[in-house]
Amino acid sequence: MLDQHRDYVLRTVEERGVRLVRLWFTDVLGNLKSFAISPAELENALEDGMTFDGSSIDGFSRIQESDVLAVPDPDTFELIPWGEPGSAEARVFCDIRSLDGTPFEGDPRQVLRRTVKAAHDQGFTFFIAPDIEFFYFEQPVKGKKPQPLDQGGYFDLTTRDAAGDLRKQTIRELEQMSIPVEYSFHEDAPSQQEIDLRHTDALTMADSVMTFRLVVKEVAASQGVHATFMPKPLWSVQGSGMHLHMSLFSGDENAFYDGGDKHALSPIAKSFMAGLLVHAAEITAVTNQTVNSYKRLVPGFEAPVHVSWARNNRSGLIRVPIAKKGNPLATRIEYRSPDPACNPYLVFSLLLAAGMRGVEQGYELPEEADANLFEMDDPTLAKLGITQLPQSLSDALQAMEQSELVHDVLGEHIFEWFLRNKRREWRDYKTHVSQFEIDRYLRSV
Amino acid sequence: MTAASESNEAGMLAVFADPVTPELARSLDLAGYSWKAVSSVDEGSDSEPAAGWQGAIIDCTADPEGAWAFARAIRKSDGSQVKVLVLVGGAQINDLQLRDDLFDDFCLSPFHPTEFEARLQHMLWSVGDDGAPHADLVEYGQLVLNLETYQATIAGRPLDMTYMEYELLKFLAQNPGKVFTREILLSRVWGYEYYGGARTVDVHIRRLRAKLGEEHASLIATVRSVGYRFGQSSWGN
Chain A
1 MLDQHRDYVL RTVEERGVRL VRLWFTDVLG NLKSFAISPA ELENALEDGM
51 TFDGSSIDGF SRIQESDVLA VPDPDTFELI PWGEPGSAEA RVFCDIRSLD
101 GTPFEGDPRQ VLRRTVKAAH DQGFTFFIAP DIEFFYFEQP VKGKKPQPLD
151 QGGYFDLTTR DAAGDLRKQT IRELEQMSIP VEYSFHEDAP SQQEIDLRHT
201 DALTMADSVM TFRLVVKEVA ASQGVHATFM PKPLWSVQGS GMHLHMSLFS
251 GDENAFYDGG DKHALSPIAK SFMAGLLVHA AEITAVTNQT VNSYKRLVPG
301 FEAPVHVSWA RNNRSGLIRV PIAKKGNPLA TRIEYRSPDP ACNPYLVFSL
351 LLAAGMRGVE QGYELPEEAD ANLFEMDDPT LAKLGITQLP QSLSDALQAM
401 EQSELVHDVL GEHIFEWFLR NKRREWRDYK THVSQFEIDR YLRSV
Chain B
446 MTAASESNEA GMLAVFADPV TPELARSLDL AGYSWKAVSS VDEGSDSEPA
496 AGWQGAIIDC TADPEGAWAF ARAIRKSDGS QVKVLVLVGG AQINDLQLRD
546 DLFDDFCLSP FHPTEFEARL QHMLWSVGDD GAPHADLVEY GQLVLNLETY
596 QATIAGRPLD MTYMEYELLK FLAQNPGKVF TREILLSRVW GYEYYGGART
646 VDVHIRRLRA KLGEEHASLI ATVRSVGYRF GQSSWGN
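Sequence order for the protein chains is A and B.
One point on numbering: in my numbering, the residue at position 91 of the first sequence is 91, and numbering is uninterrupted.
The number in my numbering is simply the position in the second sequence, starting from 1, with 445 added.
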């Protein structure tokens, strides 16, 4: 099997005249990293991996030896559609290994592999479909407010829709790179877009999200436009989220579906949801990893604030969409807090692990919160047992630090590094004096 | 004796005829084929190019016995995948009977140059445009899969696929008209060790259709509550 994969890759490189093969991997913060090799080196790389110095990669650094191996995953080999004609390029995602061949503990892809494997050992496959929001802006100028391309709103078909053309081209390239798109439309805010991807297994989807962000930015840049996944680029309008639709399959059966239940939810679905709710605060530092993320998680902009679930209440953390025609395969839950600036490998790992913890330990799902939670005062919420998501990166880090679950899923190396790195980010932010403060206090005090 | 056009580098045709008529030579030259006249089985193997013959044209009108012997020799030679076009006179049609294994197509002689060229082109097309005589091809309509190079084209446009997409398309195209359940596809294409589950099949079918493009996406049909079928149903519905 593996030999044939390798053969396929090598022959394709030869037949299609590929000049450059880009080895892709992801750092702990979710940035796509890449180095290129010539086709002549590819066979060797597939066999033994390519050695590189990991010390300059965020979250890879170790005190002793810093060399690691990038081992291409031939399943992910694909031609890049935006290369110049006549000099084709290809990309392949890599697993990072230590020189002795063991999985490198700083590699987010290995974290997800491990977590997916654990669920599989219990008979489950984890499927994810993300709805990814982002903004198009004119090329940013330092110190100036971001300039949207249009003033369109939700589902608007704006005239001379520059963004629409960008979106169309983006979708074409995504489909060419094996990333099927379900829907795309203009979102609520000016110049805000949403592209919904079709479900696939978690590892493939994490790779797809990495590719997605690059394709969106590449296509925009080719037209002189800047695409951003910043969670809240404009203070007055809604931010960009990455809602995740999730389901667990056991063979062909959707383990979340139960026709006999009044909500068509199986006991597994309910305890999985309970697991997500119980551990929501602990994993928020990873699902929402920037200072800016918490400016999206505020009331009034369709982002979740409370740790709750409902079938048709978009203010909750988990929504249970009503499946079309009661289709068992389409039964799923939607986790709404993550933003597209996250590291998808780590986020998918934590969501799966939190849900599975609920399943393993038979967590009890609390009552559905179908009222508008934003209209309730704190005592009422407390009586219902509804808490809030962390209010800042600092709060989230505090919750994460005490989490045994997050520690076990990420592993010591990433857990420690992440906390250290993000504490530094918070410290830098905390000491910064913002324009808001100048405007507000300079004259009045 | 050798006439050749510089423009066609694709491959060399063996022409067994006694003699090569001016009409035949002109037709081949105008169509841009490289060819060599050979007058015996031995000469045929001696002058065979390193890459092998791309095809053979055998004129049965003057020396039928020698011509059929030559055809038999070509079929017996290594690889034996050289495509053969025979030229027969109107009275020789009956000679074709029971010799189906010795030729791929025939043309009545004297021939109409346009027909001759079209038949030749069609015969050689199916061995691949690089003229590689041993290429292992799977074809369906405008879809061509080259099993040796792992490359696929639809209406002449190359398809860029991941390995599993390629394997799935190959399996389907090799079994046109048959309906497969997701489980069968999973076990035959992925093997049992794969743990994506049957949903993986749906995901890959969706990706394949996207890559085939709107015009050709219907090559893969969904058979409700059963699975998938490639191409037309063998029952004609």
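Bear in mind the hints are in silico, worked out from the structure with no lab data behind them.
These numbers come from a predicted model, not from an experiment.
Hints may contain errors.
[Claimed, not checked] Keeping only pairs whose Cα atoms sit at most 20 Å apart, straight-line, the calculated SDA-like set for lysine to any residue is: (1) LYS615(B) x GLN176(A); (2) LYS481(B) x LYS117(A); (3) LYS615(B) x LYS168(A); (4) LYS117(A) x LYS615(B); (5) LYS615(B) x ARG6(A); (6) LYS117(A) x GLY636(B); (7) LYS144(A) x ALA129(A).
Cross-check of the supplied hints:
1. LYS615(B) x GLN176(A): 18 Å, holds
2. LYS481(B) x LYS117(A): 62 Å, violated
3. LYS615(B) x LYS168(A): This hinted pair is violated, its Cα atoms lying about 30 Å apart.
4. LYS117(A) x LYS615(B): It is violated: about 29 Å lies between the C-alpha atoms, which goes past 20 Å.
5. LYS615(B) x ARG6(A): 17 Å, holds
6. LYS117(A) x GLY636(B): 18 Å, holds
7. LYS144(A) x ALA129(A): Cα-Cα ~35 Å, so violated.
Hint check: violations occur at hints 2, 3, 4 and 7; the rest are consistent with the structure.
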